[in-house]
Amino acid sequence: MRLPVDPMCTADAYSDRHHAYDVQGASFCYGKLPVRESRWVLSDVSLHVEAGEILGIVGPNGSGKTSLVKLLAKLAVPQRGRLSLFGRNLSDLSREEAARTVAFVPQESPTAFSFTVAETVLMGRYPHRRQSRWSLGFGWEDREDCAAAARAMATMDIGHLASRAVTDLSGGERQRAMIARALAQTPRVLLLDEPTAFLDLQHQLEICSVLRRLTDEQGLTVVIVSHDLNLASQYCDRIVMLKDGAMYSMGTPAEVLSVEALRAVYGCEVLIDPHPESGLPRITLPRQAGPFRG
Amino acid sequence: MMPSAGDSTSPAPALASPPLPSTSRHSSAPMTGQERPFQGAILTPARWCVIMGSLSVVALILAVVCLQLGTQYIGLGKLVGVLSSALFDQPTENEAIKTTSVILLQVRLPRVFLGFLVGVCLASVGVALQALLRNPLADPYVLGVSSGAALGVAVAVLFGIGTTVLAFSLLPVCGFVGGLVALLVVYRMAATYDRLPIHSVLLAGVILNAIFSALIMFITSIMEPNRSFGMMAWLMGSLTAPAYPALAALSVYLLAGLFLLFKQVRVLNILALGEEPARSLGIDTERAKRVIFLVSALLTGAVVSVSGMIGFIGMIIPHAVRLVIGADHRLLLPASALVGGIFLMVADTMARTFFVPSEVPVGIITALAGGPFFVYLLVWRKDRLV
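The listed protein sequences derive, respectively, from chains A and B. Numbering-wise (this note's numbering), the first sequence opens with residue 1 and increments by one. Numbering-wise (this note's numbering), the second sequence opens with residue 1001 and increments by one.
Next comes chain A alone, as it looks inside the complex:
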């Protein structure tokens, strides 16, 4: 079963030939080109995201995780290298074309105004609005928009919150509302920056299993930036590990998450044993920090 998508990538044969993303030699820095090589936030990153997988991006603070996801979301443009989305050059796509295929959920969302949850989720329909000279920018949502929003809210289990103000929600409810807003975009690719950062255990688990279900049942491609190596290990098909803006390794959780790799990237000793249920690597902090190897 496929999500309704932009004609650009509806043909399965077409999309199956391509990865969701292909990133080749992307280098990025904020502002002008740096004088010194060390100023690159990302340098020469090459990776691919397969359609229908969950890819985790992990790495220490300041390793360029968020910048990488911003490149994928077309929120930032790399100074060098190229990115393609389902075989099309990302910089050739208009903002709106990209928005119909890729949805992005930031780490935090400002809540200055008391929009209701339903209104917030419906904002995700903006890239699908019908252009009309006479609508004066009002663009009333039609039944199809409401249906997509209702589906997204049911998926995130926030249907009962429809008329609550986002300002009155708890952190977990707000994050689910923001993910529902992204799902209402009916994207092929969902990019999440630290989706579980402020959530308690139950909500972390809920969000991760919903994402797993969406990829398995509907072929959604998910890219998650996460600090939580254990969640990444249990829920991601593949993991990209960044170190100082460069790619350290890419592969399945079992390949990437090794004691040696974590020592090299995070500079600390950890214990790794197989997860009792899945057999995937489980990372545990030791009782006492070893000698610092940063």
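By construction, these hints were calculated from the structure, which means they are not laboratory data. None of these values were measured; they are calculated from a predicted model. Think of the CB as a built atom: it goes at the ideal place given N, C-alpha and C, for glycine as much as any other residue.
So the derived label-pair ranges between C-beta atoms look like this:
no., chain 1, residue 1, chain 2, residue 2, range
1, B, Leu-1255, A, Asn-89, 39 to 49 Å
2, A, Arg-143, B, Leu-1060, 28 to 38 Å
3, A, Gly-25, B, Pro-1045, 49 to 59 Å
4, B, Met-1350, A, Ser-163, 33 to 43 Å
5, B, Trp-1380, A, Phe-198, 25 to 35 Å
6, A, Asn-89, B, Val-1379, 45 to 55 Å
7, B, Val-1379, A, Val-259, 50 to 60 Å
Cross-link-like lysine to aspartate or glutamate pairs, in silico, DMTMM-like; alpha carbons within 20 Å at most:
no., chain 1, residue 1, chain 2, residue 2
8, B, Lys-1263, A, Glu-96
9, B, Lys-1263, B, Asp-1284
10, A, Lys-243, A, Asp-44
11, B, Lys-1078, B, Glu-1095
12, A, Lys-243, A, Asp-228
13, B, Lys-1289, A, Glu-96
Given chain A, put chain B in place with the hints provided.
Just chain B now, with coordinates in the frame of chain A:
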């Protein structure tokens, strides 16, 4: 269900399984469940029409009342008579009617209209700036845009550039330049990378206000006494209606600005999600920012050049209206505009009738209403300002 978790018993909570989407966006999707899924949770065109319709009726009734009140009370019958004879161009011989007609048509009507128009513009600019800065305390007066515009106008008056070209006064243009400079300086001062902390924005506004006020006072103090007196009265915020051609020109100018602002309503909604999410939804945020800044400065500049510094309307009105009708800018912007117009029209009528024969600058009334409201928001509604 979760392949990576193997055959384990999944602790995943039972979530309501959604109907799988099987429709393309080009066919109309059959609604699952009830026909209207978000009854009461979203703005509908019907609700929009009801609220805007009733606000328009209220505005019309209050406009008539404001026309009746003044040093001389004008009865409803007389009012209708004078208005209709003016409208259908029937000259009267009755002396009493003639005097009433002069009072009504030359003094009160343009003033009530100007009051309404200025209120509409200030409230609309307030809504737009609040959305753009994601700051419910933003207001052209608080942010120093009004004083920037006032400085522009004061400089123009000082150097005598206040001439009119084809009924178009140059003062609004000078106000526009001053207001735009103020807005850009506040933005540059407060914005750190992709963030606009509420308190930095307010602080930047306070600083600019102090600097501009000092410069305005300097200009006022080096003017001849009789001109500086007029300047002071204007600065306190007072509506002095210009002649009809100038009023018409001003209306065209302001309505054009309002039209541009109204085209941004849905963008204003989405900007509340933050700039990056808005961009990821396909909005050209840089362009939206430019349009809103330019139009805000344009409207504020023009309004300040005719009415001086009338404060706090841009903050109180959107806030109050949002509490009642919700945050969707498709309704919030036009409804705030109407309520702002009504508010200033009524406040100005109070200003010119309460202390007859003298007249209070209307800016004093709005500041006395707005200042305490600002304190209330800052002290008791802190939770809303995070």
